[in-house]
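Engineer: Given the coordinates of chain V, assemble chain L onto it according to the supplied hints.
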Amino acid sequence: MIRSLVDFSRIAKEKGPKKLAVLAPEDEEFMLAVKRSWQMGYIEPVLIGNAEKMGRVAEKVEFEIGGFEKIISDDRQAIADLGISMLFSGELDIASKGQIPTSYIYRSIIREEGKSGSGMTVSVVTFWEVPGLHHLVAFTDTGVNIKPDFKTKVEILKNAIFVYRLLGYPQPKIAVLSGQREIGGTLVSYKDYELIREAAASGDFGDCEIIDATSFTDIFLGTKSRLADHSNVNMEKMPHILLFPCLDTGNIICKLDFFLDVTRCSLVATSRGPVCIPARSDFSDNIVEQLAMCVVVSDRMEGEVK
Amino acid sequence: MLRSFKEILEAAKEGDAKKLVVSCVEKRDMDILGKAAVAGIIIPCLVGDGKAIETIIRGTLLASLEYEIMDEKDPGRALNRAIRLIREGHADIFMQGNISHQAFIDAILDAKNGLRKRKLVSCISVFQLPKQEKLVLVTDTFINNNPTIAEKQLILENALRFAGILGIDTPKVAALAAIEQVNLSIPSTLDAAILSKMSERKQFGNAIVEGPLDIDCALSQVAAARKGLQSVVTGNVDIYLVPEIDTGYLLAESLVFFGKMQMAGVIMGTANPVILNLPFVSDESRITEIALAALICRKRGNDA
Numbered sequence: 001m002i003r004s005l006v007d008f009s010r011i012a013k014e015k016g017p018k019k020l021a022v023l024a025p026e027d028e029e030f031m032l033a034v035k036r037s038w039q040m041g042y043i044e045p046v047l048i049g050n051a052e053k054m055g056r057v058a059e060k061v062e063f064e065i066g067g068f069e070k071i072i073s074d075d076r077q078a079i080a081d082l083g084i085s086m087l088f089s090g091e092l093d094i095a096s097k098g099q100i101p102t103s104y105i106y107r108s109i110i111r112e113e114g115k116s117g118s119g120m121t122v123s124v125v126t127f128w129e130v131p132g133l134h135h136l137v138a139f140t141d142t143g144v145n146i147k148p149d150f151k152t153k154v155e156i157l158k159n160a161i162f163v164y165r166l167l168g169y170p171q172p173k174i175a176v177l178s179g180q181r182e183i184g185g186t187l188v189s190y191k192d193y194e195l196i197r198e199a200a201a202s203g204d205f206g207d208c209e210i211i212d213a214t215s216f217t218d219i220f221l222g223t224k225s226r227l228a229d230h231s232n233v234n235m236e237k238m239p240h241i242l243l244f245p246c247l248d249t250g251n252i253i254c255k256l257d258f259f260l261d262v263t264r265c266s267l268v269a270t271s272r273g274p275v276c277i278p279a280r281s282d283f284s285d286n287i288v289e290q291l292a293m294c295v296v297v298s299d300r301m302e303g304e305v306k
Numbered sequence: 001m002l003r004s005f006k007e008i009l010e011a012a013k014e015g016d017a018k019k020l021v022v023s024c025v026e027k028r029d030m031d032i033l034g035k036a037a038v039a040g041i042i043i044p045c046l047v048g049d050g051k052a053i054e055t056i057i058r059g060t061l062l063a064s065l066e067y068e069i070m071d072e073k074d075p076g077r078a079l080n081r082a083i084r085l086i087r088e089g090h091a092d093i094f095m096q097g098n099i100s101h102q103a104f105i106d107a108i109l110d111a112k113n114g115l116r117k118r119k120l121v122s123c124i125s126v127f128q129l130p131k132q133e134k135l136v137l138v139t140d141t142f143i144n145n146n147p148t149i150a151e152k153q154l155i156l157e158n159a160l161r162f163a164g165i166l167g168i169d170t171p172k173v174a175a176l177a178a179i180e181q182v183n184l185s186i187p188s189t190l191d192a193a194i195l196s197k198m199s200e201r202k203q204f205g206n207a208i209v210e211g212p213l214d215i216d217c218a219l220s221q222v223a224a225a226r227k228g229l230q231s232v233v234t235g236n237v238d239i240y241l242v243p244e245i246d247t248g249y250l251l252a253e254s255l256v257f258f259g260k261m262q263m264a265g266v267i268m269g270t271a272n273p274v275i276l277n278l279p280f281v282s283d284e285s286r287i288t289e290i291a292l293a294a295l296i297c298r299k300r301g302n303d304a
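Protein sequences, first through last, are from chains V and L. Letter 247 of the first sequence, counting from 1, is numbered 247 in our numbering, and no numbers are missing. Letter 122 of the second sequence, counting from 1, is numbered 122 in our numbering, and no numbers are missing.
Okay, chain V solo, but in the shape it has when bound:
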């Protein structure tokens, strides 16, 4: 059972190296992360991007990239298309975003999923490691679906449950979040919560529990009590998966790690393997953790397929 990011690092050392396409590692933090992940035996990189920029940042971080496969391209979409198509063709185990807007990568994934006929909805799962909590928390969707309807949320949730089960949790607990308060009528996000609970009761998600809570107050305090002070907040009540109402909410809250004492890692679990989705503002330490997570997820996805 994977309980922390350290677990990912430990297992990635055992299961690596995995072949990884890095899409535009043209920034020092990304190249440094590739260097350190390679040194730790997580990955064997294939570098796709602008030759001059990759060479310059590699030199700055003292990384000898002469021996690695390099594919030279300046076009952002072409870089994304190439790396993702290599993942889908089985040439690679993992693809990772470098200094390239994520929308290009999502577009490439959506095209490849379409071509493969998988029918898979593309969504991002972001893990938080929270101090004092003995499991990782998965947030979804934090990257792709702008305003998902109920059917799309079902698919997003299925993706997250699939990933979470790979961590060794056969019966994850899930909260479907909403800004529902006592005022202002019933929000769409709350109606979706009710529908998802019905779907779960019908067995649509397999063995899991949709908890009776749509807000953090409900989760930590229940519907009857109030916050006296922070000592009565039991973090262990946190479910494994949080389904967010929309992209704005998911993305804004998942990146609070820039402010809070939590660590964030994000990925897209495509039908052919994980795509690592660090933010363009992430630093190398955090990117290394995200790559380790993808190595483990890749390994366990292979196991699932087998």
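The set of hints was computed from the structure by calculation and includes no laboratory data. Just so you know, even glycine gets a beta-carbon here, dropped at the ideal spot from N, CA and C. There could be a bad hint or two in this list.
What the hints assert, rightly or not - Reference listing, derived: stretches of chain V covered by chain L, where coverage requires no fewer than 3 residues with Cβ under 8 Å from a Cβ of chain L:
#	stretch
1	172 to 179
2	221 to 234
3	251 to 260
Claimed, not checked - Label-pair distances were calculated between CB atoms; the ranges are:
#	chain 1	residue 1	chain 2	residue 2	range
4	V	Ala228	L	Gln102	23 to 29 Å
5	L	Lys112	V	Ser231	29 to 35 Å
6	L	Arg116	V	Val6	39 to 45 Å
Structural biologist: For chain L alone, coordinates are given in the frame of chain V:
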């Protein structure tokens, strides 16, 4: 400029006590009202079942202080009487007691007998940053579900008025969205861009509105620079304007539960300060809410 909850409390202690009216008061509010009263910030006026109120006051801090009870057994009539006291100028601050949010907000927003003063009433969550002496505001976190661009302008203007009360002369505003680029498929980025352009044209006075900003760019100047974004707002935000209520409510809760931050809520757009009874506001922060309400009374002559 006020930079912490402590400074808010100290500032509120200066000047005359304001009359705070609450209908259907609860026992757990007595300690809070007592502490605010002993600090000289308020004189509580409790509207409800007189005998029941006297029973719950007994033995509390408030028992030895100045307070007023108005006997009104029916909760609905007590609520209306409390609002009437405010409207007629007999009280200054209205605090939610043991009454549902819907009934309370409906009473406040009632066009004929309520307390609405401006075109739009909105809620601001005030947080004190843990590592520096700075207050940040997040809005709207409770009232408006899916504000239009016109309503976002009003929500922002309410927040700017409140920032003025805190003494923030040049408020820096992050109009939040999922991404920092304008994307025609993501409505929040368009609204944020429009507000940002309005700010460039000085339509919000001294305020500087930057948007769209994703949260990493808003929180960190370094993160913003890595995305090629240079602004005086990044890493130094006073007001976070959220796209809609799902984000606003859950963001406020996230800062409370994950950030272990104290939050005080403020309602703007009403004729007098109004204090909500939110479950994730700690007892300590409820005293700050009362102090803020008193400050609003003093600094704006009840013009919230």
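Engineer: Hints first: check each against the structure and report whether it holds.
Structural biologist: Each hint, compared with the structure:
Counting residues of the stretch 172 to 179 of chain V whose CB falls under 8 Å from any CB of chain L gives 3; the rule of at least 3 is met. Figure legend: the stretch 221 to 234 of chain V, annotated as covered by chain L; annotation consistent (8 residues with Cβ-Cβ distances under 8 Å, at least 3 required). Proximity of the stretch 251 to 260 of chain V to chain L, defined as three or more residues with a beta carbon under 8 Å from a beta carbon of that chain, is established by the 8 residues found. Between Ala228/V and Gln102/L the CB atoms are about 25 Å apart, so this pair conforms to the stated range of 23 to 29 Å.
As the Cβ distance of Lys112/L to Ser231/V is approximately 45 Å, the hint placing it in 29 to 35 Å is violated. Taking 39 to 45 Å as the suggested C-beta distance range, the pair Arg116/L and Val6/V does not conform, at roughly 54 Å.
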